[in-house]
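These protein sequence lines are chains A and B, in that order.
Residue numbers for the first sequence follow this note's numbering, so the first one is 1 and each next one is one higher.
Residue numbers for the second sequence follow this note's numbering, so the first one is 1001 and each next one is one higher.
By construction, these hints were calculated from the structure, which means they are not laboratory data.
None of the hints are false.
Quick list of the computed label-pair ranges, beta carbon to beta carbon:
(1) B:Ser1110 <-> A:Asp221: 52 to 60 Å
(2) A:Leu275 <-> B:Arg1024: 32 to 40 Å
(3) A:Arg308 <-> B:Lys1173: 29 to 37 Å
(4) A:Asp271 <-> B:His1257: 20 to 28 Å
(5) B:Asp1185 <-> A:Asn149: 49 to 57 Å
(6) A:Pro38 <-> B:Pro1012: 47 to 55 Å
(7) A:Arg299 <-> B:Asp1220: 24 to 32 Å
(8) B:Met1175 <-> A:Glu225: 32 to 40 Å
(9) A:Glu97 <-> B:Ser1091: 16 to 24 Å
(10) A:Gly296 <-> B:Met1175: 24 to 32 Å
(11) B:Leu1135 <-> A:Glu155: 41 to 49 Å
(12) A:Arg299 <-> B:Asp1185: 45 to 53 Å
(13) B:His1257 <-> A:Gln256: 24 to 32 Å
It should be emphasised that the depicted structure is a prediction, and the values quoted were computed from it without experimental measurement.
All residues carry an ideal CB built from backbone N, CA and C; glycine is no exception.
One-letter residues, chain by chain:
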Amino acid sequence: MYTASTSKTFFLESSKGDLREMLGTDRRETEGEAEEAPVIIQVENLSFRYYGSEQYALRNVNLMVKKGEFVALAGRSGCGKTTLLRCLNGLVPNFYEGEMSGRVLVDGKDTRYTPTHIISQVAGMVFQNPDNQLFALSVEADIAFPLENLGLPREVILERVEWALNALGIEDLRYRSPFELSGGQKQKVAIASVLAMRPKILILDEPTSSLDPASAKNLIDSIVELNKREGLTIIISEHRLELLLPHADRLIVMDQGAIVRDGDPKLILRDGNLLVYGVAPPKVSEVARYVNAHQGCLRFDEIPLTVREFVEKVRRLIG
Amino acid sequence: MISFEEVEYVYPNGVKALDNISLRIGRGEIVALMGENGSGKTTLLKHLNGLLKPTRGRVLVDGVDTRSATVAELARKVGLVFQNAESMFFSSTVWEEVAFALRNFGYEESVVRRRVEWALNFMELMDYAESSPFLLSGGEKKRLALAIVLAWSPEVIALDEPTTGQDQLQKEKLMQMIKLLREQDRTIIISSHDVEFIAQLKPRIILMKRGRIVADGSADEIFLNEDLPLSCNLLPPQIASLTRELSFLGLKPSLKHPQEVAEELLDALSKILHKS
Ligand SMILES: Nc1ncnc2c1ncn2[C@@H]1O[C@H](COP(=O)(O)OP(=O)(O)OP(=O)(O)O)[C@@H](O)[C@H]1O
Ligand SMILES: Nc1ncnc2c1ncn2[C@@H]1O[C@H](COP(=O)(O)OP(=O)(O)O)[C@@H](O)[C@H]1O
Ligand SMILES: [Mg+2]
Ligand SMILES: [Mg+2]
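Please model the complete structure; the sequences and the hints are all you need to start from.
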């Protein structure tokens, strides 16, 4: 939540377009209207360059995410996805040094002035390489450790560990050492330990990249469920979009550190070829685009993202 | 080129990761290992360069038993790109990382330079030549690991999840690279969860489950089978599902290019709409 004084600073610093948005949000919050969700992440004119490197990893990024939104982030390898996500949980600039301008507010807190352990309770992040996240002697202990650090009661810890193991389908790995697991199993443990923290914002950096397809689907399904049932805000970077896009409210495409697309996935896919940004649309969407290009008896006004959507449209045509 | 004879592998913690694997791979073949997390793919790949030795049975690479071969002997023949690329790095710059193995194999400095340059350019890493390997992005690390192995181009190339962290343009490049290597008679073994990538590459596919091989066949045979992929935690490629769902229009299940599928669909539709 923003206090009156932080909203005021927003006023002074944000550009005109953002200003109207901010005014709107501010009014809604004070009047207590429930329909429009409050802003939970606000990124303003953010640029960042890692210490020692010449290139900017982020260039003037502006982004506003509302509570409960489900955001997919895509773009070429090296375009800045991970760096942006590191900014959202305060790792940049508190852990990764460099030159940062602009600012990032997470749940009203300016990441520059808030300790990382506070922000990471609000915005939990699963790293791209799970090896950086695992350290304990057993899978169970790895998930429980951060909860113990929060000083939660024992029953709550046990319950959450159980829940997280279950959500990822890894109950059978509970006593195994995290270092003696396969790549995909490690990734599942890393995700479970962040889920168990119950953050308001869940940030996942290419979480399915080492998962087998069925596990990837299960993971996305449980995240969708968390998003729907608990209003958890989700931000996921991914290269394999076919599992993700049907659930995403929003697709953001980055290129060379800047945001180049931001909006409804179906419209973005319909209106342009994203291959130059290294983004592969789901194969059914590609088929639909070829169908549209032919201007034959079938036309998709809305680009389908799933096989089912595609087939339903065809069935409606032939009655 | 490669043969596994009744190979069993048990990790020191007692996990049996390979269970009676028998397998032959010919020179110049492209093979994809697929299957659920923990099914034994990485363990199998690590047997190719002698990183792991079978608990029972034996592994022959180009006629040589990996248990009697020296590490150096095998390293010349087999290049393995690790699933966790970072664990391959130890140099302070990207350039040195690629040059190291080449120097080790005794190439002249001018050859080393040319090959490093070629590999870094191909993997779009030249801008990072002087950077630390450890500070690259996830996808860049993976490409560096690929560059290291491509630069010395061994006879057998094993790629553990090569597409992780790669965008579509890089995946297409990787696909070209793999096809080029096959033309040079290299033997390529890939472990991958990337169904769409493999469906496009169309290699011989070996499905693994709990340390065993459960199927071995062409991409069509594996992916167009209704039950097999699902039984190994794989989802069928979208084109396979789509063409199957459209079979009521007379389309046959296939792994064709989206453009071809679009054309077939429009043909089928115009015939039907014409009749009525
Ligand atoms: N270093 C290790 N020590 C002990 N057990 C291990 C080790 N590495 C893997 N295992 C176990 O061996 C089995 C096979 O693992 P492997 O890494 O070969 O699987 P994989 O098919 O490559 O899986 P993934 O798709 O997740 O990478 C799993 O049960 C795993 O937990
Ligand atoms: N710790 C770091 N130090 C220096 N440069 C980095 C670091 N992490 C990433 N980079 C660089 O920043 C750019 C963006 O990287 P990243 O955000 O990881 O991209 P993505 O996640 O989209 O692949 C790349 O050029 C990468 O090499
Ligand atoms: Mg990344
Ligand atoms: Mg593996």
